[in-house]
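Assemble the whole structure, with the sequences as input and the hints as a guide.
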Amino acid sequence: MIQLLAGEKGSGKTKRLINIANEIALESKGHVVYISTNLEGIFDLNSSIRLIDVSNFPISSIDSFVGFIYGIISEDYDIECIVIDNLSNILMNCNENLPRFFELVKNIGENYGIRFIAGIRGSTETLPKLEAEYIAV
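For the sequence shown, this note's numbering puts the final residue at 142, and the numbers step up evenly by one.
Note that these hints are calculated values from the structure, not bench results. Owing to the predicted nature of the structure, the values given are computational and were not obtained by experimental measurement. Among the clues, some could well be false.
To be verified - Listed next, with one range per pair, are the computed distances between beta-carbon atoms: (1) Ser79 with Asp58: 16 to 26 Å; (2) Lys20 with Ser53: 17 to 27 Å; (3) Ser53 with Gly76: 15 to 25 Å; (4) Pro104 with Ser69: 15 to 25 Å.
Quick reminder that beta carbons are idealized off the backbone N, C-alpha and C, glycines included.
Shown next, in the form of structure tokens:
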């Protein structure tokens, strides 16, 4: 399952994603991974959540980010949820490619039983047409 939290800059997406990740970590039997472009919120995340700062890795396209996600999964088969903050920045504001990205991630989620939650800059009006199932948070 993929859920999308959309909002303009400064609308509180990061704080909300941190709260969601913490709630999932408390209820989950598996592991939670929080991916961001910085270490913002490092002290607010539950200590059981793995925080990954992707600015330390050469992610230059949707394919390289999807490969990065596969690498995370291959290292830990107990991942239950992956929370992605600043998705717009990670994908270098290529919003026109979001439907393809979400289709790839949806397949990963179905194959490995992983829930994905992503925060992205924009509104439902400015983002490309996405299936209603994605805009659920």
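Fill in: Distance restraint evaluation - lysine 20, serine 53, Cβ atoms, bounds 17 to 27 Å
19 Å, holds
Item to complete: State, for the Cβ atoms of serine 53 and glycine 76, whether the hinted interval 15 to 25 Å holds or is violated.
Response: 21 Å, holds
Worksheet item: Lying within 16 to 26 Å: is that true of the beta-carbon distance serine 79 to aspartate 58?
Response: 19 Å, holds
Item to complete: Confirm or reject the claim that proline 104 and serine 69 have a C-beta distance inside 15 to 25 Å.
Response: About 18 Å separates the Cβ atoms of proline 104 and serine 69, which means 15 to 25 Å holds.
In this structure, none of the earlier numbered hints is contradicted; all agree with it.
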